[in-house]
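J.: Model the placement of chain A on the given structure of chain B, informed by the hints.
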Amino acid sequence: MTLSVWRYSHLVLAVSSSIFILLASITGIILAFEPISNRVQPNTTNNLNEITVAEIATTLRENYTEIISVEIDKNDWVTASIIDEEGNNEIFYINPKTGDNLGKPTETNSIFQFATNLHRSLFLKSIGRFFIGLTSLLLFLISITGIFLIFKKQGGFPGFFRPIVKEKFNPYYHTLFGRWLLIPILIITISGVYLSLEQFAIIPKSKIVHQEDTLFAEEPLLALSQFEIFNNTKLSDVRKIEFPFAEFPDSYFLLQLKNKEVLVNQFNGTIVSEFNYPFTALISYYSLILHTGQASILWSIILLLACIGILFFMYSGFSIALQRRKSRIKNRFKKDACEYVILIGSENGNTFHFANALHSELIRLGKKSFLAELNSYKSYKNMQHLIVMTATYGKGEAPTNAKKFNALLQTHQQGKSFDYSVVGFGSLAYPDFCQFAYHVDDMLQQHANSNRLDNVFTINNQSLESFNQWLLQWKDKENLDIRLPEAILSKKKRKTYTFEVTKNTKADEQYDNTFLIQLKVTLGKVRFKSGDLLSIVSDKDHRERLYSIGKSDGNTILISVKLHDKGYISNHLNNLNIGDKIECSIVKNKGFRLPKKAKNVMLIATGTGIGPYLGMLHENNEKSGLHLYWGGRKKESFNLYKKEIDAQLEKGNLASLRLALSQEQEEKLYVQDVLKEDGEKISEILKNKGVVMICGSVVMQKDVTNTLDEICKKYLKKSLSYYQNKGAVLMDCY
Amino acid sequence: MKLKLFILSIVTLLTLAAFSPVAKSTSYKCMIQLINYNGEGAYIAVSLLDAKGNYVETLNVIGDDNEWYHDLTNWWKYFENTTNTIDAITGATISGGERTIKVIKIDDDKLNKGYKIRFETAVEDQKYVADDVTFELTSESVKSKVDGTGYIRYIRMLPQK
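These protein sequences, in sequence, are chains B and A. In this text, residue positions in the first sequence follow the numbering used here: the first is 4, and each later residue adds one. In this text, residue positions in the second sequence follow the numbering used here: the first is -6, and each later residue adds one.
All clues stand as given, with none of them false.
Think about it this way: if two alpha-carbon atoms lie no more than 30 Å apart in a straight line, the pair counts; the simulated DSS-like pairs of lysine-lysine are:
1. Lys120(A) / Lys128(B)
2. Lys333(B) / Lys480(B)
3. Lys263(B) / Lys22(A)
4. Lys22(A) / Lys107(B)
5. Lys237(B) / Lys22(A)
6. Lys261(B) / Lys22(A)
7. Lys243(B) / Lys98(A)
8. Lys22(A) / Lys100(B)
9. Lys498(B) / Lys599(B)
10. Lys22(A) / Lys243(B)
11. Lys17(A) / Lys107(B)
12. Lys128(B) / Lys70(A)
13. Lys554(B) / Lys646(B)
14. Lys593(B) / Lys155(B)
15. Lys600(B) / Lys729(B)
16. Lys107(B) / Lys98(A)
17. Lys155(B) / Lys333(B)
18. Lys406(B) / Lys729(B)
19. Lys243(B) / Lys138(A)
20. Lys22(A) / Lys77(B)
21. Lys138(A) / Lys263(B)
22. Lys243(B) / Lys136(A)
23. Lys690(B) / Lys593(B)
24. Lys646(B) / Lys602(B)
Derived DEER-like restraints, expressed as beta-carbon distance ranges:
25. Tyr121(A) / Asn120(B): 16 to 26 Å
26. Glu65(B) / Tyr121(A): 41 to 51 Å
27. Tyr121(A) / Gln116(B): 20 to 30 Å
28. Gly106(B) / Asp101(A): 30 to 40 Å
29. Lys17(A) / Glu65(B): 25 to 35 Å
30. Asp101(A) / Gln116(B): 36 to 46 Å
31. Lys45(A) / Gln116(B): 38 to 48 Å
32. Asn52(B) / Asp101(A): 43 to 53 Å
33. Asp101(A) / Thr68(B): 16 to 26 Å
34. Asn120(B) / Asn74(A): 20 to 30 Å
If you want a taste of the chain B side facing chain A, the calculated C-beta under 7 Å gives, among others:
35. Ile86
36. Gly90
37. Asn92
38. Ser129
39. Ala204
40. Phe248
Just so you know, the hints here were simulated from the structure itself, not pulled from any lab data. We put the beta carbon where it would ideally sit given N, CA and C, even for glycine.
Here chain B stands alone, though its shape is the one from the complex (with noise of 0.2 Å):
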């Protein structure tokens, strides 16, 4: 498929340099803890500003016979170089207020010797240290792509900062965490390069050359203590005190400091040689710092998380780059033979996976089918069946490959009358939910030969099932006995857990033909949430049917069903009877679940939508207000539910309920209907940080959002999917 220039080149320099990466982020995590061993250590000062040199140099000429340095490390660590009396030199920790020797330098422990080597060099000297330095450049390239890459996902500059919505687990978090460790790995890779640079005299290291040959005036004769530089001097402005090398006038202080150097003039004090520090040996000094984590625990930390974070960016981009590599395509018939024509549009490859089933079925039929990208559309001069499976990108843009068909629909003729059905993948948690695949349904209705056999069919989240369904839908009208294959099938298997049946309330006894049925797990235990699904799978057709989940007493879980006629499971499920077993495994839904911190949150439901909100009032033990708002035909509908509803907002755990019962009056009423008078309530809710929730058939789903967008427009002066990018509205619809 194609890819972007961006995409291509995130992925070709990750490729070309991942060895390297590998290793510096991996010594890189040793490394990180060097700085914060060594700051949690006693020798560390806090006081330095409150020391000058002025009160160092007097202790230490007091306490010791020859002085020859005191260096100040970025540990802020204090050590002094003198001689004893017996001669000997002796270096040594300090404390720097009262000039105690502290105990002798230990060495650098020998692990992180050995990374600091491998890490800057690769124990290959200069080669090494330039494909380390080259590697530094390779993945600050990699982070700028990386950059355009999330302006791409997230439609613009702008979007930088929207929050991501939730796909699949290793695309989500390459992404959130690409931004979050952007500016440290920026700050890392710019300063290695520099380091290297530096290192290969690209970028000279500047050197101060002080005029010191003369001899330096003797008189007035003045007190270290009385010197003004010193006083004027603070420690933590230190880098290094050399003590003047004789008593001789050619002898002198110098005093490194972070920004300058200054010759000081051994009986007075009066600065004889002053020269500040060159830029670049600014830089050289801060990126350093940076690079080491030097100088603050709290850097360092920052500095290991990226660490760990490049680490995950190459597990999570290699698998992403692989899981794009399977979707290529293949196909076994020439263009124009070929009378079933499916066309992709996909960024990330994951709609070719059902697409490739698709194809690979009719195959399996003895049909002839050809598979191919928008992109590449052309004519075909045998084609009668037209798929379109397309995703869409950004804010309901053409995905990569797509980009071209508009122009391409135009240029290339189809010579004879073709059937089109258009499928649509997409995520409900965006605002334009497969709006490109309703794009491509209007460019083809305009086609002089089109036929169109259906609405867009759009499937969520990838639903296996939502794809099913349109399969079913497709080949009835094409005339086609084909099914689910196999292979798309034993992709997605769970772990299932055997579950007892504790209550159920059986759909004969029921109006409307819907149930209630309690479950709980016989062994182990099951973690979940009201709002996660209940997968069954059907022993008939390894089909798998999705129930909202609420959680209830004792961890069971409450399921409400609509018994269908023909529906397997649903009528497995409602001849089930107390103490009987089932087995089922528990879906994650980590975007349908009870927001902990919101005020208020409104329960939007229709039928058995109401299943999940069931347990969600029952765990609102922050008591926020939920506001439930239920469509049903008649008002013995509500009869199943009524019991448990009644007790909670007898609790407090519901704060309002309204009910919207289409039958029960002349003119039918919906639940949208309830919510648009509600609307100046509703609108305050949004405003307030309030949640809307919404559980139910799409058909319901899309009235609800579409009255849901008149009230904020109406209210408050923005669309619904300012607060969708929010992440102020949920849904869970089928």
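T.: For chain A alone, kept in the frame of chain B given last:
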């Protein structure tokens, strides 16, 4: 009687030991100032040589990663085959334009006898300088400033009282 004799002999022995000529040594402060070259930190070996130019003792080593020691070719040939440890007299490298002050100990009887002190230097990926600074140890020279020929700009020595 035997005891008296024993004590007497011990005392005699100790007296003899105290007056026998034990080598006395002096500490010298030694400043090494490098020229302004570009590149890695310099490795420097400071050694004591006899009048014929043979290595006698390692006085100081600047550079604490022994994987680079073999770059100091001549000194390494000598040092490789000795069992001396130099942990106490090694320190971190210094780069171009920097200076360091070291304390070295030299036996007093090596002065004015033709013994020499040598500073040899090496920098990663750059040339090795076999005798950056070499001079004979005399009562005068141990208080002097001597210019280098390679990475060293000058060294200065000063005896400690």
